[in-house]
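Respectively, the protein sequence lines represent chains A, B and C.
Position one of the first sequence corresponds to residue 1 (the working numbering), numbered consecutively onward.
Position one of the second sequence corresponds to residue 1001 (the working numbering), numbered consecutively onward.
Position one of the third sequence corresponds to residue 2001 (the working numbering), numbered consecutively onward.
It should be emphasised that the hints constitute simulated quantities derived from the structure, not laboratory data.
Some clues are possibly wrong.
As the list claims (entries may be wrong) - In silico DSSO-like links for lysine-lysine, alpha-carbon gap of 30 Å or less:
id, chain 1, residue 1, chain 2, residue 2
1, C, K2172, B, K1072
2, C, K2428, A, K14
3, B, K1109, A, K38
4, C, K2172, A, K5
What the hints assert, rightly or not - Each pair of labels, with its calculated beta carbon distance range:
id, chain 1, residue 1, chain 2, residue 2, range
5, B, K1072, A, D97, 45 to 53 Å
6, C, P2503, A, V18, 55 to 63 Å
7, B, A1144, A, F127, 24 to 32 Å
8, A, L13, B, D1139, 36 to 44 Å
9, B, Y1146, A, D97, 17 to 25 Å
10, C, D2096, A, K128, 55 to 63 Å
11, A, L13, C, F2409, 45 to 53 Å
12, A, E91, B, D1139, 26 to 34 Å
13, C, E2452, A, F127, 25 to 33 Å
14, C, N2028, A, K38, 44 to 52 Å
15, C, E2009, A, F127, 55 to 63 Å
16, C, D2194, B, K1076, 31 to 39 Å
17, A, E91, C, K2161, 29 to 37 Å
Predicted model only: the values in this text are computed from it and were never measured.
Note that the Cβ used here is the ideal one computed from N, Cα and C, for glycine as well.
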Amino acid sequence: MFISKLKQALICLKAGRVTLAYPYKPSPPPEGFRGKVKVDIDKCIGCAGCANVCPPGAIEVTDFDEGWRRIQFHLTRCISCGRCEEVCPEEAVKLTDEFELSTNTKEDLTVTIEVYMDTCQRCTRCFKPKHPLDKMMVTGFRQ
Amino acid sequence: MFSILEKCFKKSIWVYHTNASACNGCDIEIINALTPFYDAERFGIKLVGSPRHADALLVTGAVSRQVCPRLKTLYKSVPEPKLVFAIGSCATGGGIWFDSYNLVGGVDKVIPVNFYIPGCPPRPEAILFGVAVALGLVDKKVVAEYLKEKGFPELVHERPVAESLWAK
Amino acid sequence: MLTAKQIIETLRTRFDKQILGAEEKVSNQVFVRVVPDALIPVICFLNQCFSPRFLINAGTDVVQQDGKYVVSYIFSFDSEKIFLCIQVGLDSADPDIESITPIIAGANWSERETRDLVGISAKNHPDPRRLILADDWPEGVYPLRKDFPYDYRPPSEPQNKVPLKKPPEGTKVIPIGPFYPVLEEPAYFKLFVDGETIVDCDYRGFYSHRGIEKYGDSKLTYNQICFIAERICGICGFIHSTCYCEAVERAAGIEVPLRARYIRTIMLELERIHSHLLWLGIAAHIIGFDTLLMQSWRIREPVMWLCEKISGNRKTYGMNLIGGVRRDIPAEIHDEIVRVIEKIERETVEVIDAVVGDTSLHARLKNVGILKEAVARSICTVGPTVRGSGISIDSRVDHPYAAYKFVDFEVAVETGCDIWARTLVRLKETIEAVKIIKRCLLEMPDGPIMGEVMEEIPSGREAICCVEAPRGEAIHYVLTGQDNRPYRWRVRAPTYANLQCVPYIIKGERIADVPIIIGSLDPCYSCTERMAVVDVKTGQQKIYTKEEIIKR
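Okay, chain A solo, but in the shape it has when bound (with noise of 0.2 Å):
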C-alpha cells in the first residue's frame, strides 16, 4: 500500500508542472484547425450551395427584388464542419483558426455579405451573377 503511494507520488514528481501559460501567451492552433468562417466577396458567386449543404441550417440567404442577394452567416450555430468550404466552387468560403469568440452580445457572432445578382424575369429570385466575365478575371481562367 504504501509502496502504491510512494509510485503515485513519483508519476506527480516527474511530471512537474505542465501548466500552459495561456492567456498570458497565445495558444496557436495546428494547421487545418477548422474556426471561424471567413468569406471572400470578390470570389463568391451567390450559388448558396454553402447554405443547402450545412447541417445547422447556419446560413441564411435572403434575395430582394432589387437584384441583391443577403448570405448571412450565423455563427452561434455553427458547428464548424467545413462543409460549406467543401463545396463551394470558387472557394470563396474558408474557415479560419479563430477561436476566440465569446462575447456578451449575440449580435456579434453574424458574418453578412451581399452580392449583387441577376434576377429571373418570372420569380424575381436571383439566380446568377451580374458580371460573370469579371469573376472570371479575379480567380483566373481554369485549364
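Add chains B and C to chain A, keeping to what the hints say.
Just chains B and C, lined up with the frame of chain A:
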C-alpha cells in the same frame, strides 16, 4: 454592467456547471479547463457542489422540455450578483437542433445570459478566454462582419422576394 | 457453424405459413417477416434452439405506403457473426402487439420507447409507464409518426407526470438528481434505503432527448446526418458517425476504399484511448482520488492535440461522409502518432503499476457492484460492463467493420464481476488500442479515401451496423428512403442497455457506493455526488456533501 462586475469579481469566481441536455462534449472541455494543462484554478475558479455557493453558472446544451423548469429553479437559487455563461453552439443558438420538437433551442430563451462562448465544442482555451473577457482581463475580439460588393446600385427598399428558405 | 441460409431454412420448416418472407438482404443480415400472432412462438423457438442476443427494436411508420406500422426486432448471433431481424406488420387501426419482455428482460425499455414515440403498445408489459417524452407532453401525440412535423411543439399538459414507484414499507427515500455538481447528463434516481443498505430504486431519465431520429427522417440529407450522428455523444461521436455511414453503405452497396477503412479504424482507436483515460479520471474523482483524475487527464491531453492536428477539431472530428473519409492521414504525421501513443502507453503502464497494488482502492472497488453473469445475459448488457463478468462479447470480433477483420488483437475479459474487474478491462483495452493503431499505420495501403457514389441511393433498402464504442456496442439501423434521406434511422447507444441493470447491481449495497457503481457502467459520465436525504417520518432534510459521503 461591466463596472459592477469589475468591482464584484476582481478576485476569483466560483462556478456551478450544469448540463441542460447537451451531448457532453462541452462538459468535458469544461472539466479539461481544470486539468493540469489549462488549469483554471490558478485564477481561483473552482467548481462548487451547490448552486447556492456559486457566483457564475456555466450552462451547456440546448435546453430540453423536461429540463426547462428545473433550469429556471436552478437560476433562481444562485444568489445575486451572478453571471450566466452559455457554452457551446447548442447553448448559444440551439446548435444543430434549434428547432427540434423536444427542445427549446438555446439557453437565452429560458434564463438571461451574460456571455456566449460558441464552438462545437469550444476549446478549453476559448472557455478560459471567455471567462477572462467576463472578468475584464482581456478585450473581446470578435465583431460582426459586413461585406458588400462595390460598384452596384444601393439596396433601398428591403423587400425580400420570398420567405427566407432557411429559417432562423 | 450456423449460416444465414440454415437459419432461414429452420424457420421456414418450423413455421411454414406464418413466415411471410425471409431473405438475406445484406451479407450476413437476415430479415424475416412474420404474422403478428407468430411473434412470441418464433422468439421462444429462437431462444430454445439458438439463444441469440436481443439488441433493440425499432418501430417504423409506413402507413402512407402500406397502411401498416412495422416493428423490427433485431438479434445478434455473436459467434456466427449474423444479424437476424424479425419484422411484424401491424394494422394502423389497432397497432398493439404482445410484449416480449416476459421472455427477454432486456426488451423492457425498447418496448416502452416504441410506445412513446410511435404509439405501438406492448400488451402485458410489466411496467408500461412513459419513458422518453417529457412530463408535460400530451398523450396520444407520437413524434416518430410521419404526420408529425419535426418542429412542432405541442402545448404543455403537466398532468402526465410519470409516477415513480412508492417506497416499500419501512424504507426511506433518497432522491438523486436531476442536476449533479460533477458533470453531466441530468437524470433522476430515486433510492429506497433501509438504514444504509439499498432496497430498491427507480429511474426517470431521458432529460436529454433531442429528437435525433426525427431529424434523420425528415429534415437532413444522408451526408448531413453524419454530423448530427457525431453529436449524439460528445465522447464517442466518431463511433456513431462511422456506424451510421457503414449502415448506409451496406444498405446501398457502396464500396468503401481500403485506405478509408484503415483511417476510420485509427480514429476509432484514438477515441477509445481518450475515452478510457477520461473514465479513469472521473471514476477516481468520484471516490475522492483527485490525484488520479489530474494525472490521467494529463496523460490523455496529447491525444486530443493529435486529433486536432489530424482532423481539425479536438473531438467531433467531422471526418466521415457516406463513402469514405474527408481528410487523409499523410505519411508525415505517422511518426508523430506513433511517438504520442507510445508515450501514452508508457505512462499508462506506470499508472497501472502504481494503482494496482493500492489497498485503499481495493477496499472501495473490490466486491462492490457485482453483476452476475446470468443477470447480465438476461438484461443484454454490453461492453466492458459485461466483459468484466466473464462474457466475451466484442463487436470488433463478432461483427467486424472498418478494417478490424485485417487486424488481430486480444479481447480483454475478466471474471471478477465487480468494479475492479471492469477497471482492469478498460485499462487493458487502452493498451490493446495502442497496438492496433501501430499495426494499422504499418499496413495502411495507398489509394483513394472516398468511394465513388455514382447514383442516387435507392429507397427501400435496410441494413444494420454495430460498432464497439468504449462503453459497449452502438447499433444503427437504417431504412433508406426517397429524396436523399433515410426513411427510418434507429440508434441505440450502449448506455441504454447498461442502465437497465442498475436496479440489480445496486440492491444490497450502501448509499456511499452508489456513485461509483453507476460510474463503473460509464454512463457517459456518472455523477451522483450530491444527495438529499429526506426523513419521511419527521420531514427533516439533510444535505450530504461529497466529503461526508466518502467518510461514511
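Against the structure, the hints come out as follows:
1. Of the pairs offered as hints, the one joining K2172(C) and K1072(B) holds, with about 28 Å between alpha carbons and a cut-off of 30 Å not exceeded.
2. The straight-line distance between the Cα atoms of K2428(C) and K14(A) is roughly 24 Å, inside the 30 Å bound, and the hint therefore holds.
3. The straight-line distance between the Cα atoms of K1109(B) and K38(A) is roughly 28 Å, inside the 30 Å bound, and the hint therefore holds.
4. Between the alpha carbons of K2172(C) and K5(A) the distance comes to roughly 39 Å, so the proposed pair goes past 30 Å and is violated.
5. At roughly 38 Å, the beta-carbon separation of K1072(B) and D97(A) lies outside the given 45 to 53 Å, and the hint is violated.
6. At roughly 42 Å, the beta carbons of P2503(C) and V18(A) sit outside the given window of 55 to 63 Å.
7. In this structure the supplied range 24 to 32 Å holds for A1144(B) paired with F127(A), their Cβ-Cβ distance being about 28 Å.
8. Distance hint check: the CB atoms of L13(A) and D1139(B) are about 39 Å apart, consistent with the given range 36 to 44 Å.
9. At about 22 Å, the CB distance of Y1146(B) to D97(A) agrees with the hint of 17 to 25 Å.
10. Between D2096(C) and K128(A) the Cβ separation comes to about 56 Å, which falls inside the hinted range of 55 to 63 Å.
11. L13(A) and F2409(C) have their C-beta atoms about 34 Å apart, which leaves the hinted 45 to 53 Å range violated.
12. Between E91(A) and D1139(B) the Cβ separation comes to about 32 Å, which falls inside the hinted range of 26 to 34 Å.
13. Taking the beta carbon of each, E2452(C) and F127(A) are about 30 Å apart, inside 25 to 33 Å as hinted.
14. In this structure the supplied range 44 to 52 Å holds for N2028(C) paired with K38(A), their Cβ-Cβ distance being about 47 Å.
15. In this structure the hint that E2009(C) and F127(A) lie 55 to 63 Å apart at CB holds, the actual value being about 59 Å.
16. Distance hint check: the CB atoms of D2194(C) and K1076(B) are about 35 Å apart, consistent with the given range 31 to 39 Å.
17. Taking the beta carbon of each, E91(A) and K2161(C) are about 54 Å apart, not inside 29 to 37 Å as hinted.
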